[in-house]
Amino acid sequence: MREDEFFAGIAKRLGRSSALTTAPARDVVGAPDFWQSYALPEEERLEKFCVELEKLGGSAVVYDSKASLLQGLSGFLETLQPRTVGMWSGAFTAEFDVDRVLAGREVVYWGTDGANSVARMAQVDVGITGCDFAIADTGTVVLMSDIHKGRSVSLLPSVHVVLIKSSQIRTRMGEVWAEVLQQHGGHLPSSIHFISGPSRSSDIENDLSIGVHGPATVYALIWQE
Amino acid sequence: MSTEKDAIQVTTIVDRSRLALQDDFLRGAVRFTTERLRGRKAASSEELGNWEAWRERGRQIRSHTIAHLDYYLRQFVDNVQAHGGHVYFAANAEEAAQTIVKIVEKKQAKLAVKSKSMVSEEIHINKHLQERGIEVVETDLGEYIIQLAGEMPSHIIIPAIHKTRSQIKDLFTAAGATNLTTDTKDLTAFARRALRDKFLRADVGMTGCNFAIAESGSVVLFTNEGNGRMVSTLPKTHIVTMGMERILPTFADLEVMANLLPRSATGQKLTTYMSVITGPRRAEEADGPDELHIVILDNGRSSQLGDDEFQEVLHCIRCGACLNVCPVYRHIGGHAYGSVYPGPIGAVLTPLLNQGEAYQDLPYASSLCGACYEACPVKIPLHDMLVALRRRNVEQGRTKWAERMAFQGYRMVFAKAGRYKRVMRLARKAQKPLLRQGYVESTMGPLMGWTESRHAPALAKSSFRERFQSMQQAWRRGEDGGDQV
Chain A
1 MREDEFFAGI
11 AKRLGRSSAL
21 TTAPARDVVG
31 APDFWQSYAL
41 PEEERLEKFC
51 VELEKLGGSA
61 VVYDSKASLL
71 QGLSGFLETL
81 QPRTVGMWSG
91 AFTAEFDVDR
101 VLAGREVVYW
111 GTDGANSVAR
121 MAQVDVGITG
131 CDFAIADTGT
141 VVLMSDIHKG
151 RSVSLLPSVH
161 VVLIKSSQIR
171 TRMGEVWAEV
181 LQQHGGHLPS
191 SIHFISGPSR
201 SSDIENDLSI
211 GVHGPATVYA
221 LIWQE
Chain B
1 MSTEKDAIQV
11 TTIVDRSRLA
21 LQDDFLRGAV
31 RFTTERLRGR
41 KAASSEELGN
51 WEAWRERGRQ
61 IRSHTIAHLD
71 YYLRQFVDNV
81 QAHGGHVYFA
91 ANAEEAAQTI
101 VKIVEKKQAK
111 LAVKSKSMVS
121 EEIHINKHLQ
131 ERGIEVVETD
141 LGEYIIQLAG
151 EMPSHIIIPA
161 IHKTRSQIKD
171 LFTAAGATNL
181 TTDTKDLTAF
191 ARRALRDKFL
201 RADVGMTGCN
211 FAIAESGSVV
221 LFTNEGNGRM
231 VSTLPKTHIV
241 TMGMERILPT
251 FADLEVMANL
261 LPRSATGQKL
271 TTYMSVITGP
281 RRAEEADGPD
291 ELHIVILDNG
301 RSSQLGDDEF
311 QEVLHCIRCG
321 ACLNVCPVYR
331 HIGGHAYGSV
341 YPGPIGAVLT
351 PLLNQGEAYQ
361 DLPYASSLCG
371 ACYEACPVKI
381 PLHDMLVALR
391 RRNVEQGRTK
401 WAERMAFQGY
411 RMVFAKAGRY
421 KRVMRLARKA
431 QKPLLRQGYV
441 ESTMGPLMGW
451 TESRHAPALA
461 KSSFRERFQS
471 MQQAWRRGED
481 GGDQV
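Going down the list, the protein sequences come from chains A and B.
Note that the first sequence covers residues 1 to 225 in this note's numbering.
Note that the second sequence covers residues 1 to 485 in this note's numbering.
One chain only, chain A, in its complex shape (with noise of 0.2 Å):
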């Protein structure tokens, strides 16, 4: 159907002569006002964050250092021993210091094989990213896609990695989209995932299970600055 059609036909049932073309008034925008001014302290958004995380079934450890955090992903990658290890590229490895753990571990960095990144990114065992927000209300990080920051790093692994920095927690999700199209006007990202917690389904007579497609495992580091 042709679009000048298709528009010239809702104008119609709406009682228009042609499509409305200024931008409507309104009344309200968005949440409530009481959920508008919901806003913790940082401490407590970090324990918040925290907590939900872990309700979905996630885990999150708080450090108190990037020293520390750093000690801590080498354990985690100690235990776990995968055969490969799958990391966003470009400013967040630069910034968290990771290749320092990483020594003698086959890296797989996001980006570098061109048309085989994803077929690469398939075959790794644990995926590691930053994260641009988190949101305590309900344990989530949230991802913006770019070159460096690919898609697959959190979604093929079985395991997610994801490093924070307490600063990047927010309390609720309108906060996040405030500042983000601040930053990015109409021009968003070509993605933004908003994960919170394991890959999970309740298809098979209502028994919960984790890690159907995407990661079975989030674990969530986070560095208090």
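Simulated from the structure, these hints should not be mistaken for lab results.
From a predicted model like this one, the values you see are computed outputs, not experimental measurements.
Quick reminder that beta carbons are idealized off the backbone N, C-alpha and C, glycines included.
Check before you lean on any hint, since a few could be wrong.
Here are the simulated DSSO-like pairs of lysine-lysine, each with C-alpha atoms no more than 30 Å apart in a straight line [said to hold, decoys possible]:
no., chain 1, residue 1, chain 2, residue 2
1, A, Lys55, B, Lys185
2, A, Lys165, B, Lys416
3, A, Lys12, B, Lys379
4, B, Lys461, B, Lys416
Rough simulated footprint, nothing fancy, chain A against chain B, three-plus residues with beta-carbon under 8 Å [stated by the list, open to error]:
no., segment
5, 68–80
6, 150–160
Sample of chain A residues lacking proximity to chain B, with all beta carbon distances greater than 12 Å (derived) [what the hints assert, rightly or not]:
no., residue
7, Arg16
8, Val62
9, Thr79
10, Pro82
11, Thr93
Given the structure of chain A, go ahead and fit chain B onto it with the hints provided.
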């Protein structure tokens, strides 16, 4: 799919319900699942607090958006195109299916993977693609199960609600699994392996759209398993099918829906994944689709715009909460509705989207108790709509001759007091042969629908008016005698 459609035209909801009521497993499973979902919704909305204020805000946002759909849909389309996405408009299911088939054939695709989408069921896209030799794989665990079984979803949120684990084991074994047990872990692991291979090989990924954000041209998907992310990340081409009413003006509004939808659907605070997709992958990005195609479907929706009685049906956010509270759905399950959308929302939406004779009996599959309205996160008055649809059936002469006669008789009798009195006097005499200890017990005749399984109380020996009259006479006699205070 075609056989199901043919079957629908010859059966009624009553026939299909009889069949469903004989299936003990189905009834048990539906009862168990709906009760669980209701309980979880109650718990999670209570934890959030102010649920009524949230519902009202949800209603306001949906109402404003639909009343200005021309503006917001235009804004959405412009923004999709600005990000390099392709947009198509389809007047009906057939046109939408043809549009998708054309895209898929142009890409010379052999394999398409899908995440769960009610609108794709509505346009029967699988059938259209399969007829052209294209393999289509449903990747939501529940949808995968019913696709293997060759059935339709029986619940909006939990499509395979009616399947037992041993049935699922058999279906998976037929699909190539070996040494499978009926353990959920085992079954899930098979699906993960089998479908992972499909994701990586697929040429086309197909999804629906929970919300389309006008201010950015983004498509938002709420999923739990991660298949929605796979489907929109791995194949080279991503095709989105969306009803024209899926629009939200801003991300601020999305926050409201993100609080309402998961709680109402499954009692979650938020689904595991909320994916916001804006255009195809950017240059140099090593994953994400090269092309994003968005097919916007009317299929009877625009006819509800401007209709005082039914416009609000377009506010629906497809959470399925009305199914879980409906006393009718809870007894007969989803398949008895014979339509893509079951439950109260299906009983309203289906006859509205399909103007023909099929499905016009669905609005009668309701006790009009209004539980659906109470459960609806955006306060759609479904119970009023069900009555309005029944009225429309009467106006269009769709009711049976006997029913029309019965109501004409009712009008005649009840319009005049004298006539009513005479008829009641007659009825009191006529009921005598049917009476057993003060109740009407009859397993045949015109009252059978009621009396077959219940006792109907007998008409009183004398009416209130008659009794009142004799009481008045007695009082008057007492006053005359002077011994009444």
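Results of checking the hints against the structure:
1. As the CA atoms of Lys55 of chain A and Lys185 of chain B are separated by approximately 20 Å, the hinted pair is consistent with the 30 Å bound.
2. For the given pair, Lys165 of chain A sits about 80 Å from Lys416 of chain B by alpha-carbon distance, which is inconsistent with the 30 Å threshold.
3. For a cut-off of 30 Å, the pair hint linking Lys12 of chain A to Lys379 of chain B stands: about 26 Å separates their Cα positions.
4. Under the criterion of a C-alpha separation no larger than 30 Å, the hint pairing Lys461 of chain B with Lys416 of chain B is consistent with the structure, at around 21 Å.
5. For the segment 68–80 of chain B, the stated coverage by chain A holds: 8 residues have a C-beta nearer than 8 Å to a C-beta of that chain, and at least 3 were required.
6. Remark: the segment 150–160 of chain B is confirmed as covered by chain A, as 3 of its residues place a Cβ nearer than 8 Å to a Cβ of that chain, reaching the required three.
7. With a cut of 12 Å on Cβ distances, Arg16 of chain A falls inside the contact zone with chain B, its closest approach being about 7 Å.
8. Remark: the non-interface label on Val62 of chain A is consistent with the geometry, its nearest Cβ contact in chain B lying 21 Å away (cut-off 12 Å).
9. No Cβ of chain B comes within 12 Å of the Cβ of Thr79 of chain A; the nearest lies about 21 Å off, and the non-interface call holds.
10. Residue-level check passed: Pro82 of chain A sits 18 Å from the nearest beta carbon of chain B, beyond 12 Å.
11. Here Thr93 of chain A stays apart from chain B, with its beta-carbon at least about 16 Å from theirs, past the 12 Å limit.
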